[in-house]
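Whole structure, please, built from the sequences with the hints as guidance.
Line order of the protein sequences matches chains A and B. Numbered according to this note's numbering, the first sequence spans residues 5 to 476. Numbered according to this note's numbering, the second sequence spans residues 5 to 476.
Rather than coming from a laboratory, the hints here were simulated on the basis of the structure. Please note that a few of the clues may not be correct.
The list cannot tell twin chains apart, which means a pair is met if one copy fits it or any two copies do.
[As the list claims (entries may be wrong)] As a list, the in silico DSBU-like pairs of lysine-lysine whose alpha-carbon atoms are at most 30 Å apart: (1) Lys461 with Lys218; (2) Lys218 with Lys337; (3) Lys337 with Lys247; (4) Lys299 with Lys247; (5) Lys220 with Lys337; (6) Lys337 with Lys107; (7) Lys422 with Lys337; (8) Lys218 with Lys247; (9) Lys247 with Lys220; (10) Lys299 with Lys6.
This structure is a prediction, so every number in the text was calculated from the model and none was measured.
Number of protein chains: 2
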Amino acid sequence: MKRYEKYADDIAELIRSGVLGPGARVPSVRYASQAHGISPSTVFQAYYLLERRGLIRARPRSGYFVNPSVLVQPAQTPREPQVSESTEVDVSELVFSVLDSIKDPNTVPFGSAFPSPLLFPLQRLSRSLASASRDMDPRMVVTDMSPGHPQLRRQIALRYMTSGLMLPMEELLITNGALEALNLCLQAVTEPGDLVAIEAPAFYACLQVLERLKLKAVEIPVHTHDGIDLGILAQTLERYPVKAVWCMTSFQNPSGALMPEARKRELVELLREHQVPLIEDDVYAELYYGPHAPKPAKAFDTDGLVMHCGSFAKSLAPGYRIGWVAAGRYAQKIERLKLMTSLCASMPAQAAIADYLEHGGYDRHLRKLRYALEDQQRAMLAAIGRYFPAQTRVSQPVGGYFLWLELPDSVDSLQVFKVALAQGISIAPGPIFSPTQRFANCIRLNYGSPWNDAAEKAMETLGRIVRSMLGN
Amino acid sequence: MKRYEKYADDIAELIRSGVLGPGARVPSVRYASQAHGISPSTVFQAYYLLERRGLIRARPRSGYFVNPSVLVQPAQTPREPQVSESTEVDVSELVFSVLDSIKDPNTVPFGSAFPSPLLFPLQRLSRSLASASRDMDPRMVVTDMSPGHPQLRRQIALRYMTSGLMLPMEELLITNGALEALNLCLQAVTEPGDLVAIEAPAFYACLQVLERLKLKAVEIPVHTHDGIDLGILAQTLERYPVKAVWCMTSFQNPSGALMPEARKRELVELLREHQVPLIEDDVYAELYYGPHAPKPAKAFDTDGLVMHCGSFAKSLAPGYRIGWVAAGRYAQKIERLKLMTSLCASMPAQAAIADYLEHGGYDRHLRKLRYALEDQQRAMLAAIGRYFPAQTRVSQPVGGYFLWLELPDSVDSLQVFKVALAQGISIAPGPIFSPTQRFANCIRLNYGSPWNDAAEKAMETLGRIVRSMLGN
Numbered sequence: 005m006k007r008y009e010k011y012a013d014d015i016a017e018l019i020r021s022g023v024l025g026p027g028a029r030v031p032s033v034r035y036a037s038q039a040h041g042i043s044p045s046t047v048f049q050a051y052y053l054l055e056r057r058g059l060i061r062a063r064p065r066s067g068y069f070v071n072p073s074v075l076v077q078p079a080q081t082p083r084e085p086q087v088s089e090s091t092e093v094d095v096s097e098l099v100f101s102v103l104d105s106i107k108d109p110n111t112v113p114f115g116s117a118f119p120s121p122l123l124f125p126l127q128r129l130s131r132s133l134a135s136a137s138r139d140m141d142p143r144m145v146v147t148d149m150s151p152g153h154p155q156l157r158r159q160i161a162l163r164y165m166t167s168g169l170m171l172p173m174e175e176l177l178i179t180n181g182a183l184e185a186l187n188l189c190l191q192a193v194t195e196p197g198d199l200v201a202i203e204a205p206a207f208y209a210c211l212q213v214l215e216r217l218k219l220k221a222v223e224i225p226v227h228t229h230d231g232i233d234l235g236i237l238a239q240t241l242e243r244y245p246v247k248a249v250w251c252m253t254s255f256q257n258p259s260g261a262l263m264p265e266a267r268k269r270e271l272v273e274l275l276r277e278h279q280v281p282l283i284e285d286d287v288y289a290e291l292y293y294g295p296h297a298p299k300p301a302k303a304f305d306t307d308g309l310v311m312h313c314g315s316f317a318k319s320l321a322p323g324y325r326i327g328w329v330a331a332g333r334y335a336q337k338i339e340r341l342k343l344m345t346s347l348c349a350s351m352p353a354q355a356a357i358a359d360y361l362e363h364g365g366y367d368r369h370l371r372k373l374r375y376a377l378e379d380q381q382r383a384m385l386a387a388i389g390r391y392f393p394a395q396t397r398v399s400q401p402v403g404g405y406f407l408w409l410e411l412p413d414s415v416d417s418l419q420v421f422k423v424a425l426a427q428g429i430s431i432a433p434g435p436i437f438s439p440t441q442r443f444a445n446c447i448r449l450n451y452g453s454p455w456n457d458a459a460e461k462a463m464e465t466l467g468r469i470v471r472s473m474l475g476n
Numbered sequence: 005m006k007r008y009e010k011y012a013d014d015i016a017e018l019i020r021s022g023v024l025g026p027g028a029r030v031p032s033v034r035y036a037s038q039a040h041g042i043s044p045s046t047v048f049q050a051y052y053l054l055e056r057r058g059l060i061r062a063r064p065r066s067g068y069f070v071n072p073s074v075l076v077q078p079a080q081t082p083r084e085p086q087v088s089e090s091t092e093v094d095v096s097e098l099v100f101s102v103l104d105s106i107k108d109p110n111t112v113p114f115g116s117a118f119p120s121p122l123l124f125p126l127q128r129l130s131r132s133l134a135s136a137s138r139d140m141d142p143r144m145v146v147t148d149m150s151p152g153h154p155q156l157r158r159q160i161a162l163r164y165m166t167s168g169l170m171l172p173m174e175e176l177l178i179t180n181g182a183l184e185a186l187n188l189c190l191q192a193v194t195e196p197g198d199l200v201a202i203e204a205p206a207f208y209a210c211l212q213v214l215e216r217l218k219l220k221a222v223e224i225p226v227h228t229h230d231g232i233d234l235g236i237l238a239q240t241l242e243r244y245p246v247k248a249v250w251c252m253t254s255f256q257n258p259s260g261a262l263m264p265e266a267r268k269r270e271l272v273e274l275l276r277e278h279q280v281p282l283i284e285d286d287v288y289a290e291l292y293y294g295p296h297a298p299k300p301a302k303a304f305d306t307d308g309l310v311m312h313c314g315s316f317a318k319s320l321a322p323g324y325r326i327g328w329v330a331a332g333r334y335a336q337k338i339e340r341l342k343l344m345t346s347l348c349a350s351m352p353a354q355a356a357i358a359d360y361l362e363h364g365g366y367d368r369h370l371r372k373l374r375y376a377l378e379d380q381q382r383a384m385l386a387a388i389g390r391y392f393p394a395q396t397r398v399s400q401p402v403g404g405y406f407l408w409l410e411l412p413d414s415v416d417s418l419q420v421f422k423v424a425l426a427q428g429i430s431i432a433p434g435p436i437f438s439p440t441q442r443f444a445n446c447i448r449l450n451y452g453s454p455w456n457d458a459a460e461k462a463m464e465t466l467g468r469i470v471r472s473m474l475g476n
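Below you can see the structure in the form of structure tokens.
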């Protein structure tokens, strides 16, 4: 990272954490240059960058000031946390009807689950694919089938290591995307009819996996500021025979919640007491906006009870379908389930990603990607402020690419979904994120595409649709 | 195909079908040239080819003669066909211990499930991978997730069409290899505890899938000459609530049995009467030695009851993990299960195979591959004749790359497995092919690797091990 980028990041972090509030003056070029021992031109470069990123603006003859933050209220799901009953899961029809309808590439993809593929280094990856597959030992098909491509597993273990998590390579199994990993994890620790604690709201694919495996769900509320409600989880574990907890601990889909490290540690400790395994879905791990990668709950796992699932689909190579799981004490069981289910993940795709991680400049790409996502978030938040009713509450996640909106109570998000789709805009309506189809007034918006006039206009249309449903 | 290749194939077929018996004189060059209206040099080329393939040999001044066939007795599993009881499936531990032990690349791979990767055009495929991934539309990740890459599905449908089977593209879903397809098919039509009719012997992965899905099995005997016993299957369907039949109709693994088309038609008709779905595992479809591709049972399906599963793993691209299913009336259900399980198959791998099918010369590769496999079969049969006890019975399949051996009753194949492995030779012992661990005196041998001195020597060692167990 260049010096000016580093300084810009430091300032951005001060803004993000509220040290430098809206309207505050950022340190003058002369002051910053002296205080940090960097040249004035470096400071200028940093401020230009922050300006481009929309965080500060110059006022003639006065210096640089923090932009006013977006005038939207933070979301506060849930309002009255309480222990849920267990529920049969039967949400697939609704989810599929939503997903089917948003496949049209001409639709504005606010309802999509993916960031725009345009943000990924696909040409560079394609070169890795060509060279890795050319050099691939043909016998590896048989010898490395399971637990997966050795160089790829080594690269993943190295990345864990640099983020402070020592993970033996033996624990790592490569899968067909994180979704397969999550399926295998759940299958390893449950029988049909068993109860699993999930988040409310929860990623709909989680609900579908539960439905497919004929599992029951108990919903634990997620707070947009710090994640799953540990008090309610504790009560639930006392009251019900929960066989596993499924949790997205960083940048939860859809709420965007990031559990602070202390709370992740507390979660792992709680589950250790009850000897209940945690399935940690951490596919947005690399998409943090702050200066440091948040540690996963897996980092606090002393008992091998945490099955940590990751993927390259959201940060590097959508469509390659390469994910992994570090499954602790369940590693062998999951490896065997994988062999019985689909043998192994595509070898050239594994080899390509291994090559890219070693030679392709993954960290540089990630830095650009994070800036882009943070920018796009700012643009979407601003648009919400401009076009949506004032009562709208919205999450402001520090990673990922989803906003979670609570619309006024009278708004039916399924209705918003239908009307918006008819006008070429997709959204993800709240009820697909709950087995009990709660969150009727909530929607999830994807800001994972470069912002442009079409997006701005679509937000304006969406705002108009929502307001029309208020009856005023 | 060249003219001389065509003529050579015709003669090979006459030898295979017994019209030209061992020692018979093949038509003289002059006669053949006149009768078929081809030049003498074309006939010579054909005979050279047949000589190289070990089918005929020249005797000085007398012409060409059919080589004596291999002196081994054909296998006749089963001896006393009868309706089985239903069984819980619990064979995985045994299977895994066998599979784990044969991963060493220095072991002679007679126990392997794969042909040698050296027989595949991996460099050509790698070029397809490079060019297809370079040209890939990034948006396809989202738009073509399910049911899969459109060009690939079109190419597969075209191949079906040329073999006389009209299959609408809409029915085709791309999967992570055939194993995932088979998993999804079974899951689509069963609940835990249900009963599935399988072959005896059956491919062990089938047993593992049943075990994973907590299904019960009823075993239907397979005759090495014409496949699953339809009489017994009919009785079983009368007597038990069978929810699905799983069948490898061509070159069954492990017996090598090919069901004649008439019997495939009969099978489909029988299942139509009972309205029981057929899961047709047809991964060896392209590995036929005769002049024509055998039709699958799917070709006779008028009711959408046949789920036909195929793969490129055994004929083109091991390690790419690209398979498919044409699932008739279950197509939508399976597509949704696939979305819930692993979203989609690796896109660059799909694009690469689509490109290769269009431009790479698949048929030329397959012709070479079939010759190679048939050659290798002949070499292994000859080695069995030389080294194994005379009471050994062996299948002589007209496709695939497995021989199924019935050793004398006193031989314990698990013991053979252990002793052979200690000497660096893997085999697949009979009991892993049955939920009731039958076939104690049977072994499956893989002849999918180019024949060489090491293979010959390994066969000699194996023969000695088996004979030592006869106690003489």
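Go through the numbered hints given earlier and state which of them the structure violates, listing their numbers in rising order.
-> Structure breaks hint 1 only.
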